[in-house]
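Protein chains in written order, with the working numbering: chain S, 1 to 255; chain D, 256 to 518.
Since the hints were derived computationally from the structure, they do not count as laboratory data. Glycine included, C-beta positions come from ideal geometry on N, C-alpha and C. Fair warning: there could be bad hints in the mix.
Reference listing, derived: stretches of chain D covered by chain S, where coverage requires no fewer than 3 residues with Cβ under 8 Å from a Cβ of chain S [as the list claims (entries may be wrong)]: (1) 396-409; (2) 418-428; (3) 505-512.
On the chain S side, residues computed to face chain D include the following (Cβ under 7 Å) [as the list claims (entries may be wrong)]: (4) Phe125; (5) Arg129; (6) Thr167.
Label-pair distances were calculated between CB atoms; the ranges are [what the hints assert, rightly or not]: (7) S:Ala182 <-> D:Ala400: 18 to 24 Å; (8) D:Phe348 <-> S:Glu247: 54 to 60 Å; (9) S:Met250 <-> D:Ser511: 43 to 49 Å.
Residues per chain are reported as follows:
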Amino acid sequence: MPDAVISLTAVDKTFSSGTRALQSVSLTVAPGEFVSLLGPSGCGKSTVLRLVAGLETPTTGRVDAPAWRTSNRARTAFVFQEATLLPWADVFDNVWLPLRLAGVSRQAAAPRIEALLGQMGLTDFAHARPAALSGGMKMRTAIARARVTDPDVLLMDEPFAALDEITRQRLNADLLSGWHAAPMAVMFVTHSVFEAVFLSQRVIVMGARPGRVIDSVSIDEPYPRAPGFRTSARYADVCRRLSASLEAAMSGSPA
Amino acid sequence: MTGRKMIDRLLPGAALAGFVVGWELLVRLADIPHYALPAPSLVAQTLWAHAGSLAGSWWFTLKVTFGALILAVAGGVLLASVFALSRPLERAFLPIAVVLQVTPVVAVAPLILIYVESTTAALLLCTWVAAFFPILSNTVIGLRAADAGHRDLFRLYRATPWQRLRLLLVPTALPYFVAGLKISGGLSLIGAVTAEMVAGAAGRETGLASRILEASFRTETPKMFAALVLLVFTGVAIFWLFDRLARALLGPWHASEMPRSAP
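Chain D with its partners taken away, still in its complex shape (with noise of 0.2 Å):
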């Protein structure tokens, strides 16, 4: 590795430390109180000092987030295999889906919590409304991306149905449909946390945004902060895992995960 490669990767994780260290420092010569700005030593005191319970609250997160996920993928690829399948259905339908859409979590979140009575399966239904929606977009999109000579050949060969899908469609909408888990991967993240900020502290299991917001009214700033920091970090893994899923995938052939020196 030569000098300037060792630098690039190192440089993002010098600034993040030097980030960290410069927080810690104002936080102490400017005296800052622990309840306005908690320094990241004690951040990391409270977290490793309720490690019990934001543990608990950070799986209840995880499975709401990938219970809502699994499912937006589910019901992602199914509507667009259908509507796929049938230009009809997809106008009539893919409205309904626009609007699931573009309403934002928040504001049905409260309607969906009185209608349906576990929280927990409200929660994810919450979830699942901010998620499957670049699924289905884009998985519509890349079962119709096939390529017009592609096409020709298959009908040339005469190829069954089953087969047109199998080595010709879903490996043409791939790309496309990894592109749209990745953006739901954060979606999911981020409409778990908003489904429970809305939905309060309710029933007995809890998820991280539930501890913040316990956390604000008793004004312990530094368990936001480490309820703040578990989330960052689910983040970054969910974006992380997404990648490298991308990659296991279309590396060899997609010119999206390809080394730009191929030839």
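Looking at chain S on its own, in the form it has when it is part of the complex (with noise of 0.2 Å):
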């Protein structure tokens, strides 16, 4: 494997209300790599994307990230489980923020978003504001947001959680080919053991209370992955190894 771009050595993370979040966390991802961490609700994983985003320290154990390499800036981009756009700006200006806060102007920034915006299919809603959007457009404007800095880790927060399964598939399927066209590294969370296999090379499965790694498996599915994988034998097999893993985390724990 290549230098990992991220990196979690032995990581702990007990928080000041005292609940222990994390427990010896160990984890690399290597750049451009798609990795998931699945897990049920409780197990640490939004703490394991904050702490790599800079946003939580580790009370003990060792987190390097771009974030946390002080010359990197906007090396790290988050897409959170809400699309958490400004309200009072649109579209395009939403999609400029994270340039804008680097001091790239409008002007200067204006062909980026305009292309990003192209891929989103969010051309013809560059000047709307977030309330006159459907929960889908949200968060195509977040992932472009997301992706406009042109970052080296991408890290997704069960963005699409609240989408309606058609939504989620669609856009499941716009995150690979923007992936696949500018490779980052993406750590993406979720619950859904579906959604894990569809996107990822590698599903890192997390058992809770306090959060701990469980199991690792790669898919070696090629890209772009067609609609029809999801209804392949492979497919279905990785979903019962996971699904399998996912029940042993569970087991022992209370849900």
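Take the two lone chains and join them into the complex the hints point to.
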């Protein structure tokens, strides 16, 4: 494996409330790799992302990621569970925000923003405010915003959990084609086995209370992945394997 | 415009017109003396006859109202920013602001008039005390209201404090500030009139409250009504002005001002 872009070494995280979120978590993500974090709620998946993003500090252990190397600004992007768009700004200005904070003028950023809006099917909505967008459109805008800086690392925290199944599958496909065109390391948190298998090269299974790594499963299906992959026997195999891992992760702790 | 909509729009005006006509008829048919209850037509005549002096007083009241409101906005926003930056300072000084707010203006006005030599300055101060608190408390809440996700986003991209203030905190606080402004606009007119009532007709320049007091001493009831009508119009105009301002500032994005039909 080439040098990891993200690595966690024996990370423990205990919140000031006394909750132990993570226990001795170690994992690495290679540059350009698509990794899903799968686990029941309360297993610390989101905490792992926040640590990687530099939004939390580990209690013990070591986190190495672009956000922790101070010279790297805007090398990490985060798509939250909610779209977290600024309601007073239109789609264009929301996508501009990361570049704007880095001192890039609207005019200089425009070609990049317009290209992304085109890829995400948002061109006609460039001047719409978030309140006028559907849930799927809002999430597309959030993804465009995350990609606008060409980050090395894209962190996604159950971004499609609130969307309907059809919108979710379309966004999965669009996310993959965007990633395929410009590979960046993706850490994708989900509690859907099917979503994790469809999207990733590797799935890391986590258990709850305290959060810890239980299993890591590689998926050798080539990209681009056709919708047919969802109905293939290989897909079903991997899903079964992961479901068993999840089951093991949950046993011993009441759901 | 459908017939129903037309009726909806005309209804308030029709009700008001009906009220005025009924009042006029009542006074004429029951032969009520004008010092007890003047007819609307007489009030209008009086308004016209004393237009010069009333306009001068009206202008003075407006100056106090808006002067105090501007000071309330400046003071309220400044203090709110300080409070938002520092919890200890908020803890130390918010009780004082609350004391100022809960003390009725009528009760402190005589004291202020003793300590402050210029009547105009005293009136401004009284009105300011009445008007600044809604702006302060709303803006403090607004500056703290930024969504946790938005805060994370700005931290992730290492926004400078100035970027955070300009691009996140100020837009988030705007709807709260505007709500405070709407309340304070009304309060500053009430404050200005109340303070002048207490101050009495002292000083060279006097406002509408003094006109009302004067007219009351002389039992010039129509003139009292004329001054009152001007105050009512001023109050409604202030309300309308800030309502418009709110719509212009928040209309495109904030739920409070968006049309219901938005998808």
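Taking the hints in turn, this is what the structure says about them:
For the region 396-409 of chain D, the stated coverage by chain S is satisfied: 6 residues place a CB nearer than 8 Å to a CB of that chain, which reaches the threshold of 3. Residues of the region 418-428 of chain D lying with their CB closer than 8 Å to a CB of chain S number 4, which satisfies the three-residue condition for coverage. Closer than 8 Å: that is the beta-carbon criterion, and the region 505-512 of chain D has 4 residues meeting it against chain S, so the requirement of 3 holds. Violation of the interface hint for Phe125 of chain S is found here, the shortest Cβ-Cβ separation to chain D being roughly 12 Å, above the 7 Å cut-off.
The criterion of a C-beta within 7 Å of any C-beta in chain D is met by Arg129 of chain S, whose closest approach is roughly 5 Å, and the hint holds. Checking Thr167 of chain S against chain D: minimum C-beta separation of about 15 Å lies over 7 Å; hint violated. The hinted range of 18 to 24 Å is not satisfied by Ala182 of chain S and Ala400 of chain D, whose Cβ atoms lie roughly 36 Å apart. Checked against the given bound of 54 to 60 Å, the beta carbons of Phe348 of chain D and Glu247 of chain S, roughly 58 Å apart, stay inside it.
Against the hinted window of 43 to 49 Å, the Cβ-Cβ separation of Met250 of chain S and Ser511 of chain D comes to about 44 Å, which satisfies the hint.
In summary, the structure is inconsistent with hints 4, 6 and 7 from the numbered list given earlier, while agreeing with the others.
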